[in-house]
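Trainee: In the order they appear, the protein sequences are chains C and Y. FYI, the numbering for the first sequence is 4 to 397, going by this note's numbering. FYI, the numbering for the second sequence is 4 to 397, going by this note's numbering.
Do not rely on the hints blindly, as some may be mistaken.
Copies of the same chain are indistinguishable here, so a pair counts whether it falls within one copy or spans any two.
[To be verified] Keeping only pairs whose Cα atoms sit at most 20 Å apart, straight-line, the calculated SDA-like set for lysine to any residue is:
id	residue 1	residue 2
1	245	5
2	215	16
3	55	234
4	215	22
5	55	91
6	168	284
7	332	233
8	79	388
9	71	45
What the hints contain is simulated information worked out from the structure, not anything from laboratory work. In this text, all values refer to a predicted model and were calculated from it rather than measured experimentally.
There are 2 protein chains.
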Amino acid sequence: MSIDSFTMSPLPAILFGAGKAQMLPQTLADYGRLVLLLVGERSLQTNPVWPKLQESMEDLGLEVHIEKITGEPSPKLVDAIVEDYRQHDVAVVAAIGGGAVLDGGKAIAAMLTMEGSIIEYLEGVGSREPAGTKVPFVAVPTTAGTGSELTCNSVISAVSREGFKKSLRHENFMPDAAIIDPVLTANCPDKVSAFCSMDGFSQLVEAYLSSKATPMTDDLALGAISRLGRLNGPLTRICQGKADLADRTAMSYGAAISGICLANAGLGIIHGFASVLGGLFPIPHGAVCATLLAVCNRVTLTKLQKEQSDSVALQKYARLGRIFSNREKASDRFYQESFIEMLIELTELVQPAPLSSYGITFSDLETIAVQSGCKNNPIELDVGERKEILKELL
Amino acid sequence: MSIDSFTMSPLPAILFGAGKAQMLPQTLADYGRLVLLLVGERSLQTNPVWPKLQESMEDLGLEVHIEKITGEPSPKLVDAIVEDYRQHDVAVVAAIGGGAVLDGGKAIAAMLTMEGSIIEYLEGVGSREPAGTKVPFVAVPTTAGTGSELTCNSVISAVSREGFKKSLRHENFMPDAAIIDPVLTANCPDKVSAFCSMDGFSQLVEAYLSSKATPMTDDLALGAISRLGRLNGPLTRICQGKADLADRTAMSYGAAISGICLANAGLGIIHGFASVLGGLFPIPHGAVCATLLAVCNRVTLTKLQKEQSDSVALQKYARLGRIFSNREKASDRFYQESFIEMLIELTELVQPAPLSSYGITFSDLETIAVQSGCKNNPIELDVGERKEILKELL
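Kindly generate the complete structure, drawing on both the sequences and the hints.
Mentor: Okay, here's the thing in structure tokens:
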């Protein structure tokens, strides 16, 4: 297996493990005094780590301004917070929350140094290129899924029938530090944890199978999948609502690695669909990933088996199957199929709602199929094939 | 297998693959006009990529000052070059060469922003702490071994009977970009390539077995070892002097990953010995790694088998053996032993000289054994055991 050329974007300092959240105050103090802290809808005050964090920040003399990111960050919300803080001398932006809060914080940290509205800089929407400047940004995830703590893009949503989910992206928008404390995810409702895990797991699988995969992303992704997977491993227990701290730790690790991998290898058809669906309809991102995971992989695998029987992607599907199988020395084909079966079982555990439950009708499918990209999927699925997938999931 | 807490230092942009050296001029130009370029003893002009590089640098209007690093960088050499350039407004330091040249460049980039002699800042030698400031630094390796392009320390040597090899180290001393072009290593003599590969391979194995190993370093190290290893793979062909570009690419990848892994997981007894031996005697670093590799691992494994039969390190030794073995379903013990046998075979291919050939005598062994650390070795080897290893290799 020869090694092709690749590039790998810079990575920030990663502080990982139970209790690491307590490193946040000192990390912030290293940048200066005035902190803009973004938090989520559910009050951070309910999280048992908060009182000690707050005390440490006070002890260090930090001036902490707290703003809420409610729902997925919209251009309007980002612009409003940026407007309020542009004249302040914000030393560092921090975000403690799920992927939406982290993406919001990442966008705000960048926009504080840029002119105009964020909408002018969004990929496929605006016409301006971000120069890559930003205020230092520290990401502290409280869910394990999006991996936003280790990506260089911020997904901004304007949800409507003419809506979008698009990225503010620049290599320099990678957070300056990622503090990943699995204890913070314990506060997350089981159902949300399960959907988030499907998002993170799908990102690992999509990046591993991506046509842009590199040896570094392959080894990291496969390692994270192995730690999540195996028979009845952490991923299964999270989907069953039976996760303990060790399971959450494996998922926090997997989510963070999925961020690194997607930033460097890209994603496939599942996230191609998810961003279009999430822009047009009010569907939680993790939930839609769970809906799509098994079927998109089944269709991709079947087409690969028919048309590219000697492809690297097929070997990779077999390798994925081997991680989750208790059979030794079966054929590649057996492992490929068993991986899909495992995905179906996972999907049954989390029971995602069908697409129609979000108001999607048959007449929407053409639009969604046309708009959804699949550029890094291991094999191209055309509009007709994409529409068939959506129909099956309606 | 649960995931323990870890920290991971920041990583720079990595440009990897045949032809990537041509990205150097633009990478440098992004920092400014005045470039201090460090090169090795063997004239860079003999390298076929040089004329085009030089032309591109001229086209971009760069003012390039070239200095040579001959041999392993000494405090005197670093101080002299720094003295010459302190008053210049150096925009970026670049180093194209083997590990010694990269370490020299890394040290010079840091010292350009610091007062006094480098000797004052060396670990275990000086009493001052580097603040972590430096001029931007770009590393371009022409050998595949030390991984210095992705480490945050610079090994400085003052070789004599009272000598040392010690590090200038700070998380911020990681290069700002690593441009890793395996084509550049084709100019390296076969014997040097073989010794370098033993250094890089040993670093991967030591970091994988390290008591400070993390999931990220484990997955990256094991992936790189798998790409190098397997039966009659790139590593064997390099040691035989039969490497083609694909083999060199695998080794350049392995060396780079070994840098990431050692920076975050540390190294074991082999590099513990190598730094002391290299400070006291004029032994090329790769050669001494080759001398030590098999015996140090045999002694470590034997002690683990006797005293820690259920250790993670023993499972890891078995996993390493499985990579290089063509037998399936053998016992862990079988794979552990077969890994050592493979190391012995590799050693026979490269035929490193015995320690006595560098002027080391029996009476030196006590001093070497006492001075050599083994803090991250999977099991502690005491002074007596360390002396026994040296005796065997005399």
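Trainee: So, for every hint listed, does it hold in this structure?
Mentor: Consistency of the hints with the structure:
no. : hint        : verdict
1   : 245 <-> 5   : between (41 Å within a copy, 16 Å between copies)
2   : 215 <-> 16  : between (25 Å within a copy, 17 Å between copies)
3   : 55 <-> 234  : neither (38 Å within a copy, 54 Å between copies)
4   : 215 <-> 22  : between (35 Å within a copy, 18 Å between copies)
5   : 55 <-> 91   : neither (26 Å within a copy, 48 Å between copies)
6   : 168 <-> 284 : within (10 Å within a copy, 62 Å between copies)
7   : 332 <-> 233 : both (16 Å within a copy, 19 Å between copies)
8   : 79 <-> 388  : neither (36 Å within a copy, 68 Å between copies)
9   : 71 <-> 45   : within (9 Å within a copy, 60 Å between copies)
In this structure, the hints that do not hold are numbers 3, 5 and 8, in rising order.
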